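Asks: Letter by letter, the chains look like this.
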Amino acid sequence: MSRLFGSLVPVVCPEGAVRLGLVDWLVHHTELSIGSFPRVVRRALVAGLTTYDLSAAAWPRARGRSAGRLDPERAEAWYRLWWESRLLPRRELARAAKQLLCLAYYEAPSVQAEIGYAPQAWIDKVARRRLEVHRPAIERHQESLIAPDPLPSSLTAPRAAREAS
Amino acid sequence: MSAGAAALRADHVPRGVYTRDDLREDVILGCDVVVVGSGAGGAVVAAELSEAGFDVILMEEGRYYSTRDFTAEASAMIRQLYRGGGATLAMGEPPVMYQEGSTVGGSTVVNGGMAWRTPENILDRWDREHRVEGIRAADMELYFERVERRLHVRTQDPESIGRDNQLLKIGADRKGWRVVDNLRNQVHCAGSNNCAFGCPTGAKQSALVSYVPRALHFGTRLHSDLRAMRILRRGKRATGVEARVVEPGGRLGARVTVRARLVVSACGAIHTPALLARSGFRSPSGQLGQNLSLHPNCKVVAIFDEDVRGWEGVHQAYQVREFQDQGFLFAAVNIPPGILAMGMPCYGDALGRLMSDYRRMVVAGMLVEDSVVGRVRILPGGQPLAFYQLADADADKLVHGTTLLCELLFEAGARRILLPFAGVGELRSPDDLAGLRARRIPKSHMEIVTVHVMGTARMGGDRAHAVTDSHGLVHDADGLMVADASLFPTPIGVNPAETISALATRNAHHVIENRRRFLS
Numbered sequence: 001m002s003r004l005f006g007s008l009v010p011v012v013c014p015e016g017a018v019r020l021g022l023v024d025w026l027v028h029h030t031e032l033s034i035g036s037f038p039r040v041v042r043r044a045l046v047a048g049l050t051t052y053d054l055s056a057a058a059w060p061r062a063r064g065r066s067a068g069r070l071d072p073e074r075a076e077a078w079y080r081l082w083w084e085s086r087l088l089p090r091r092e093l094a095r096a097a098k099q100l101l102c103l104a105y106y107e108a109p110s111v112q113a114e115i116g117y118a119p120q121a122w123i124d125k126v127a128r129r130r131l132e133v134h135r136p137a138i139e140r141h142q143e144s145l146i147a148p149d150p151l152p153s154s155l156t157a158p159r160a161a162r163e164a165s
Numbered sequence: 001m002s003a004g005a006a007a008l009r010a011d012h013v014p015r016g017v018y019t020r021d022d023l024r025e026d027v028i029l030g031c032d033v034v035v036v037g038s039g040a041g042g043a044v045v046a047a048e049l050s051e052a053g054f055d056v057i058l059m060e061e062g063r064y065y066s067t068r069d070f071t072a073e074a075s076a077m078i079r080q081l082y083r084g085g086g087a088t089l090a091m092g093e094p095p096v097m098y099q100e101g102s103t104v105g106g107s108t109v110v111n112g113g114m115a116w117r118t119p120e121n122i123l124d125r126w127d128r129e130h131r132v133e134g135i136r137a138a139d140m141e142l143y144f145e146r147v148e149r150r151l152h153v154r155t156q157d158p159e160s161i162g163r164d165n166q167l168l169k170i171g172a173d174r175k176g177w178r179v180v181d182n183l184r185n186q187v188h189c190a191g192s193n194n195c196a197f198g199c200p201t202g203a204k205q206s207a208l209v210s211y212v213p214r215a216l217h218f219g220t221r222l223h224s225d226l227r228a229m230r231i232l233r234r235g236k237r238a239t240g241v242e243a244r245v246v247e248p249g250g251r252l253g254a255r256v257t258v259r260a261r262l263v264v265s266a267c268g269a270i271h272t273p274a275l276l277a278r279s280g281f282r283s284p285s286g287q288l289g290q291n292l293s294l295h296p297n298c299k300v301v302a303i304f305d306e307d308v309r310g311w312e313g314v315h316q317a318y319q320v321r322e323f324q325d326q327g328f329l330f331a332a333v334n335i336p337p338g339i340l341a342m343g344m345p346c347y348g349d350a351l352g353r354l355m356s357d358y359r360r361m362v363v364a365g366m367l368v369e370d371s372v373v374g375r376v377r378i379l380p381g382g383q384p385l386a387f388y389q390l391a392d393a394d395a396d397k398l399v400h401g402t403t404l405l406c407e408l409l410f411e412a413g414a415r416r417i418l419l420p421f422a423g424v425g426e427l428r429s430p431d432d433l434a435g436l437r438a439r440r441i442p443k444s445h446m447e448i449v450t451v452h453v454m455g456t457a458r459m460g461g462d463r464a465h466a467v468t469d470s471h472g473l474v475h476d477a478d479g480l481m482v483a484d485a486s487l488f489p490t491p492i493g494v495n496p497a498e499t500i501s502a503l504a505t506r507n508a509h510h511v512i513e514n515r516r517r518f519l520s
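Heads up: the sequence lines are chains G and A, in that order.
For the first sequence, the residue numbers in the numbering used here are 1 to 165.
For the second sequence, the residue numbers in the numbering used here are 1 to 520.
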C-alpha cells in the first residue's frame, strides 16, 4: 500500500505535503493508523484500496497503469472519479483514503505551525499555572481519594422510608 | 502530602497493577469478584467492593497509560487509547461512527468529563415503565452525591474557559436561550482542551486517576492487557472469566483463568452483550443486545473574523439547554485540525485553504436523545457488530437542531458555517437558513458520530422485558452482574458517565448488603 498512499498524498493533501517533504512521513503515519483498526475494517480497507489501485488499469486514460503509477494529473482525475462516484462504496473509499492521509498531514508539526496551532505550548503553560495556583486543593482531593468512606447503611434510608410510608 | 497520596499520581504503573509483562504463562487466579472493564462502571464497583472487604480482580483489555503519557498528538493517542483505533462503526443509513476508550479507566479517559445526573423524568420513566426498583431521584440522591464527591464535580474555573465557548454563550444569550454552566468531574481543570486524548494535567477525574487508585488502595488487583474471552459457568451460575493476554499487535498470549463467586461485566454497551452471548447466557426477554441507543451527534464548523484559538480553553464549558424538552442540546467542542480535516467536504488545496482558517473556527455539536433503537449482533467468532437505523424523526431533529445552532452562531458573529450534510454548501448569512429549513436532506448524507452507547442489557423488574434485575443481576443466571451503560432502559439525553457510576455504586451496595448470598 505504501506506493499507492505515496501517490495519493499530492492528490488529497494540500500542497504543503510535497513542499515540506512530508510524503514518506505521511505514508508511515497512515499505515500506523490502519494497523490499529479492527481486522475486519483493515481487510475491507486494503481490499478497497487494492481495487482502486488495480482497476485504474482498465481506465482508458491510464493506459494500463495502476493508480499508484499514474502521473499527478491523471492520478487526480482518477481520484476525482471515485470521490464523485454515484456508487457509495467507491465514494466512501475515496473519503477514507483522504481522511487517513489528511489526519496524518495535520498532525505534522510543520503543518500545525503553518496554521498557527500550538497545543502543546498551551498545555504546558496552563498545567504549570494550575499547579502554582491550586496545588493545596489538588493535594487535598488526592488525599480524599484514599480516605476510608465505606458505603453506609443509611444509603438505604430513602427507600426504606418510602416503603414504610 | 502523604506517601499514600503520592502513590495515587498516575505517572507510573502503581503497585497492584499487573501488565502483560507480568503474565508470560497460563495461570489460574482466584478472588471473590472479578470485574471486566475499568471505566465508569467497573472501576467504581471494584473500589466500593474492595473497600467493603471483598477480594477483587479488575480486568481491562487496554493498556495502562498514565497522565504523563497523554499528549496533543491526536492520532497517536487515538491508536493507543481508543478501541479499534477509533474505527468502530454502527451499520445503517447513515453509518454512525462510535467511539469507546480501551485503556485502564475506559472511556472516562477519553470523554469530555461531563458529569450530569440522570434527569428526573428519565428516572421516573424507568420506575414507571420498566419497574426498576429504588430508582427515583430521592432513592438515587446519595449515590449521585457520593460519585460527585469522589469525582469532584464542579463548574469550570472562569479563567479556563476559552473563546469558542464564550462565543457559544454570547450567541445563546443574544437569542435569549437557556445556557447552563457544564458540570464536570475535574479538580481545577486548566483548560488544556485535550480531554478526548487523555488529560495531560490529571485534572479531569477519569477513573484512571480517581476510582482506580482508590480500588488499588483498598486491595484490588488490576490486570491490564487482558481480554475477556468468555464467562465461565456451571449451569446458570457464573464461576469466573477466561481471558487472554493481549500482546503487542493484538496477538493473544497466555491464558488467564479467574475463578470468582461474582462476575461483573462492565465493558460497555457493545461488548457486554457480546461477552454474555458468547458465554452462552441467553436472556429469556430476548433483549440481550437489543435496545441500543446512542445519542446521535453532529457538528457544524463556524468561521469567525476573529482569532478564536479553540484549543485554548476547556472542552464544553457550557451546554445550551433551551431545547432539552425537544430532545437535543448544544455545546462547543473544539476538535484538533487532523480530525476536523477528516470530515471536511473537500481535499487537496481546497482543503488547505479551508483549514488555513483553523484558528478562527468554532466547532459546535448537538446531541440528540434518540427515539429509535438499534441492536448489537454477535458475529461468528463472538465479536459484536452494531446496527442502528436513524429514525426519520431524529433525522428531522438533527436538521432542525442544526438550523437553530447555526442561528446561534450567526448571532455570535460567525461569517461562514460548514454543515454536517454532504452536498449542502456552506452558509454565508442567516438568510441562507431558510433554504436549509426547506431542504430535504437524505439520511445517507448526514455525518453522525457518537460517544454514548447505551441500553443493550437493560434493567427492569420484569424478566420478560429486561436482561437484568433492578440491581444489574442478570435474570436467569446466578453470580452475574452488569455495571455499565448497557443497563439503561432508555437513552437519558445527557452525558451518561455519572449515571453509569451512580448505578455501579448502587449495584455494589446491593452486593455488600447481601454479602452472604454472593460469597456463599
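A hint or two may mislead.
Simulated restraints, written as ranges between beta carbons of each label pair [to be verified]:
#1 A:Arg149 <-> G:Pro89: 46 to 56 Å
#2 A:Arg128 <-> G:Glu132: 44 to 54 Å
#3 G:Leu87 <-> A:Gly250: 37 to 47 Å
#4 G:Pro89 <-> A:Glu120: 24 to 34 Å
#5 G:Pro109 <-> A:Glu426: 42 to 52 Å
#6 G:Gly21 <-> A:Asp357: 23 to 33 Å
These aren't lab readings, by the way, just hints derived from the structure by calculation.
Only a predicted model underlies this, so the values are computations on that prediction, with no experimental measurement involved.
Beta carbons: idealized from backbone N, C-alpha and C, even for Gly.
Asks: Give a verdict on every hint.
Replies: So, going through the hints one by one against the coordinates:
1. A:Arg149 <-> G:Pro89: 46 to 56 Å: 51 Å, holds
2. A:Arg128 <-> G:Glu132: 44 to 54 Å: 51 Å, holds
3. G:Leu87 <-> A:Gly250: 37 to 47 Å: 32 Å, violated
4. G:Pro89 <-> A:Glu120: 24 to 34 Å: 46 Å, violated
5. G:Pro109 <-> A:Glu426: 42 to 52 Å: 29 Å, violated
6. G:Gly21 <-> A:Asp357: 23 to 33 Å: Distance hint for Gly21 of chain G, Asp357 of chain A holds at roughly 25 Å.
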